[in-house]
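Start from the sequences, fold in the hints, and give me the full structure.
2 protein chains.
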Amino acid sequence: MNCLEERIAKDGVVKEGNVLKVDSFLNHCMDVSLFKEMGAEWKKRFAGKNINKILTIEASGIGIASVVALEFNVPVVFAKKNKSINIDGDMYVTEVESFTHKNKNQVIVSKRFLNSDDHVLIIDDFLANGCALQGLISIVGQAGATVEGIGIAIEKGFQSGGQIIRNLGYQLESLAIVDSMDAATGTITFREQ
Amino acid sequence: MNCLEERIAKDGVVKEGNVLKVDSFLNHCMDVSLFKEMGAEWKKRFAGKNINKILTIEASGIGIASVVALEFNVPVVFAKKNKSINIDGDMYVTEVESFTHKNKNQVIVSKRFLNSDDHVLIIDDFLANGCALQGLISIVGQAGATVEGIGIAIEKGFQSGGQIIRNLGYQLESLAIVDSMDAATGTITFREQ
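Residue numbers (our numbering), protein chains in the order written: chain X, 1 to 193; chain W, 1 to 193.
What the hints contain is simulated information worked out from the structure, not anything from laboratory work. Please note that a few of the clues may not be correct.
Because identical chains share one entry, a pair is satisfied inside a single copy or across any pair of copies.
Claimed, not checked - Quick list of in silico lysine-lysine cross-link-like pairs, DSS-like style, CA-CA up to 25 Å:
(1) K21 - K81
(2) K111 - K15
(3) K104 - K81
(4) K102 - K81
(5) K21 - K111
(6) K21 - K49
(7) K111 - K10
(8) K44 - K104
(9) K21 - K102
(10) K21 - K44
(11) K81 - K49
(12) K10 - K49
(13) K36 - K10
(14) K15 - K43
(15) K49 - K102
(16) K44 - K81
(17) K104 - K49
(18) K104 - K21
Next comes the structure, spelled out in structure tokens:
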């Protein structure tokens, strides 16, 4: 098991409705030293890729992406879920449905921060049905930029998001792929990698 | 000038209505190597303080806080603006008004991640009227924890938030204090530190 799988096995909590709570180390309280280890793992998996920018989405992706960006020595752009009065008119826009919050958000990235010269690593905390990820890929496409790879912390392997992205030919590196989990026993089964 | 003041002078854009746009390096596109330098500066300014946790608020605070947390070797907790279905019942709650978005949000932190043993450094990107910061201080108070210090990237010195916090006796370290700015000329005047 890698560092993230070990941590999920130790501190992750399985809830009814296929919810995996990892808020004690990943997306509410954040263990940034774990994020650093995750960054080192992704650096290995994307070795040889010409990555000059990391793209993520607010809010839970930002912490992981920022620490990982230090490993890659590149800036982070995060997609925003609401139009702020402080953002200029020219933006890439896509619509994303949230599994967690059961709502739809317009997601935006300023055109000033992503263009056809960019080679992008997309980073996010969770991949389930893949809506958020598809939105980020759409934004990279709108910019004419290149998706060099996708790094996900936890993929729910029993949902279709990861398979669809791999079918489309992207290099998707999920550090932990959960094949099944059981709220009654608390058991989490990871896919062998 | 320190690293942040230099960067604001170079890349910050002054807009009408006392808006300072720093989205090219601080809160949309994020220069994490700058955040690392900022962390080193706060480490100096809070030397001798017994800090075991960083508290920030989504979304723009998370990137800075995460990189700074690596410098301090502590975890980050970020206050959330909306109640997620994935958060358990027991939470500290406060209400925060946003200057940028002109709305009010309930802000929450799970009681599991902040308690009376904690010695907290609060980190955020902006301080203007101080509403967000007052909310975070309230949450630390509800937990019975101690505010060891407050690190702000950019303080708008012509608004009252910083003065109020200093009057209350907190060690507030703003890396850049903007005393005035002029949208017509683009001039930004920093307070001498």
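Results for each hint:
1. K21 - K81: Classified as both; 22 Å inside a copy, 18 Å across copies.
2. K111 - K15: between (39 Å within a copy, 19 Å between copies)
3. K104 - K81: Answer is both; intra-copy 9 Å and inter-copy 16 Å each pass.
4. K102 - K81: Answer is both: 14 Å inside a copy and 16 Å across each meet the 25 Å cutoff.
5. K21 - K111: between (34 Å within a copy, 15 Å between copies)
6. K21 - K49: Neither, since 32 Å and 32 Å both go past 25 Å.
7. K111 - K10: For K111 and K10, only the inter-copy Cα distance (20 Å) is at most 25 Å; the intra-copy one is 41 Å.
8. K44 - K104: For K44 and K104, neither the intra-copy (35 Å) nor the inter-copy (43 Å) Cα distance is at most 25 Å.
9. K21 - K102: Within one copy only: 17 Å inside a chain, 32 Å across chains, cut-off 25 Å.
10. K21 - K44: neither (27 Å within a copy, 36 Å between copies)
11. K81 - K49: neither (29 Å within a copy, 36 Å between copies)
12. K10 - K49: Neither. Shortest intra-copy (32 Å) and inter-copy (31 Å) distances fail the 25 Å Cα cut-off.
13. K36 - K10: within (18 Å within a copy, 30 Å between copies)
14. K15 - K43: Intra 32 Å, inter 39 Å, cutoff 25 Å: neither.
15. K49 - K102: Result: close neither inside a copy nor across copies, 35 Å intra and 42 Å inter.
16. K44 - K81: Neither, since 31 Å and 35 Å both go past 25 Å.
17. K104 - K49: neither (33 Å within a copy, 43 Å between copies)
18. K104 - K21: Classified as within: same-chain Cα gap 22 Å, cross-chain 27 Å, threshold 25 Å.
Hints 6, 8, 10, 11, 12, 14, 15, 16 and 17, counting from the list given before, are not met by this structure.
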